[in-house]
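Undergrad: Listed below, chain by chain, are the residues.
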Amino acid sequence: MTALLETRGITQRFSGLVANSDVSISVGRGEIVGLIGPNGAGKSTLFNLIAGVYTPSEGSIWFDGEDVTALPPAARCQRGIGRTFQVVKSFETMSVIDNVIVGALVRNTVMRDARRKAHEVLEFTGLGARAHVLASDLVPAEKRRLEVARALATEPKLLLLDEVLTGLTPTEAQTGVELVRRVRDTGVTVLMVEHVMEIVMPLVDRAIVLDLGKVLVEGKPSEIVRDPKVITAYLGDRHAVGA
Amino acid sequence: MDKDFANRRRRELITAAFFAALAAVVPLFVKDVYVQNIMVLTLMYAALSQAWNILSGYCGQISLGHALYFGLGAYTTALLFTKFGVLPWFGMLAGGVISAFIAMALGYPCFRLGGHYFSIATIVIAEIALVLFQNWDWAGAALGIDIPIRHDSWVTFQFTRSKLPYFYFALVLACIAWLVTWWLEDSKWGYWWRAVKDNPSAAESLGVDVFNSKMGAAAVSAFLTAIGGSFYAQFVSYIDPESVMGFQFSLLMALPAVLGGIGTLWGPVLGAVILIPLTELTRSYIGGSGRGVDLIVYGALIVLISLARPQGLVGLFSRQAKAVSR
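Going down the list, the sequences are from chains S and B.
Position 190 of the first sequence, counting from 1, maps to 365 under this note's numbering, and the rest follow consecutively.
Position 83 of the second sequence, counting from 1, maps to 887 under this note's numbering, and the rest follow consecutively.
Check each hint, because a few of them may be wrong.
Okay, the calculated beta carbon distance ranges per label pair [claimed, not checked]:
(1) B:S957 with S:S311: 50 to 58 Å
(2) S:D197 with B:N1016: 32 to 40 Å
(3) S:H370 with B:I924: 38 to 46 Å
(4) B:F823 with S:V262: 38 to 46 Å
(5) B:N1016 with S:G184: 32 to 40 Å
(6) S:D239 with B:Y921: 32 to 40 Å
(7) B:N811 with S:G394: 51 to 59 Å
(8) B:F823 with S:D239: 51 to 59 Å
(9) B:L1099 with S:D312: 30 to 38 Å
(10) B:Y912 with S:D239: 30 to 38 Å
(11) S:S232 with B:L1099: 46 to 54 Å
(12) S:A250 with B:V829: 49 to 57 Å
(13) B:L1108 with S:N214: 43 to 51 Å
Treat the hints as calculated values from the structure; they're not laboratory data.
C-beta: ideal position from N, C-alpha, C; glycine also.
With the rest of the complex left out, here is chain S (with noise of 0.2 Å):
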């Protein structure tokens, strides 16, 4: 069976900075994938590149086996990419449900289907409770489940998640881990941006190292955390030399 997600040799230039760097990574169907790395690793320009918000400066990328290197965010939303936003983007003005509504409408038509798969997805999330208050009036951990439920909503075949996990205490943290794992037992794949390490290793299925714009490393979250080139990359030589 051939990868659901696929980028060929991806580079990004911003004006003279290279962000990504001949970026070859696969994410196979049903995995949760896990992309770290030290601050300017290149993580969300990867990100923002799968998700067609940037195309690539060269390269290629492929989902579920057709090339989708030059299709808009929508366009590719509909293939069945979704993403969380980094720094949240909920639609302020609107109710939770109403926020959700959006997203289902990509596969619904009807208004009253796209309403009850909206309704489904927050208690999927556990924001049931939470449906008609204003998405302004959620709390930051909130605002991050109603980025992964309007993600949900579009039925994605693969969710790009990034730094969902961050900046939360370590019980909203752990519901966090536990919703990214039901997502998975849905038959959704998950690409994951995180920086606790302590909550995404025993998540992930397998993680890639990013560093410098190139991939590192990848392989299994216990390998990753062992192996010299990571330690150094996050702590710098000196402490690579003990391990």
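We have chain S; now place chain B onto it with these hints.
TA: Same frame as chain S, now just chain B:
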């Protein structure tokens, strides 16, 4: 949950029907022509502001050039009637369609502009159109067009002896504009528009076609605005560029919605009911020398509203909005 929503929608419809019925019987008791005139204008601006609200309130693309579509509606009807003898009803439809297409043609480049730049572009375009019409000899140039009075009839949509037919037409127009908004609010377009207003990049990531959302909103908005312009041409039976395409119309269409509650179903109606009589009364009782005083009143109102209740007056009546303003 679903039932609550359906009930709310039905309640809105019943409320609207109640107020429409109430408005319909008012002229039976109010015979004063001056007051009737104000009522016609109030209803017309309620309709116009509702139309403006679709593009600017729901979709968030603040237009300050809607006078263009108003004027196009007025001119299309008047020109078709005086030059070709086409009845105003067809002129009205033609004006609406032309305006919708022009709105999309202008939207094509302008919707690439963000935020304030879009608004500035709309002002400039409307002003250019004004100058073009002032210099277009075939269309009467600065002198305008006198619509010849034939006889009182619904066929030619002319009434010299009574304002009542205009009143009822304006009422129907306001109801149609309200109904269109009501219907669109719970449609894919309504959700797309609000998503585009709140956060275009998030909307895109959820499969929303941002550009075409704006184009759709512009077309519907311009169409309804032009119908209002056609009506106005028939109502005053004389038009010139300044009197149907002047900048003050762009403001007068925006202000009721802003005052009542931008991007809300009831905002434009509420705003028009307060603002238009106030304008007309200040104009006749205070502003002896004409323009100016009414604009000061607007200014004061807008300042008051933005200080005391930025979400518009409509919030005073809705529990949900009250909870929000907390």
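Undergrad: Each hint should be assessed against the structure and marked as holding or not.
TA: Okay, the hints, checked on the actual structure:
Hint check: B:S957 to S:S311, Cβ distance near 54 Å, so the stated range 50 to 58 Å holds. At roughly 36 Å, the beta carbons of S:D197 and B:N1016 sit within the given window of 32 to 40 Å. A hinted range of 38 to 46 Å for the beta carbons of S:H370 and B:I924 is consistent with their spacing of about 41 Å. Checked against the given bound of 38 to 46 Å, the beta carbons of B:F823 and S:V262, roughly 43 Å apart, stay inside it.
At about 33 Å, the CB distance of B:N1016 to S:G184 agrees with the hint of 32 to 40 Å. Hint check: S:D239 to B:Y921, Cβ distance near 38 Å, so the stated range 32 to 40 Å holds. Evaluation of the 51 to 59 Å hint for B:N811 and S:G394 yields a pass: the beta carbon distance comes to about 56 Å. For the hinted restraint 51 to 59 Å between B:F823 and S:D239, the CB-CB distance of approximately 52 Å keeps it satisfied.
Remark: the range hint 30 to 38 Å for B:L1099 to S:D312 is upheld by a beta-carbon distance near 37 Å. For the pair B:Y912 and S:D239, the supplied restraint of 30 to 38 Å holds, since their beta-carbon distance comes to about 32 Å. The hinted window of 46 to 54 Å between S:S232 and B:L1099 holds, with their beta carbons roughly 53 Å apart. Separated by about 53 Å at the C-beta atoms, S:A250 and B:V829 satisfy the suggested range of 49 to 57 Å.
Taken as a hint, the range 43 to 51 Å holds for the pair B:L1108 and S:N214, whose Cβ atoms sit roughly 47 Å apart.
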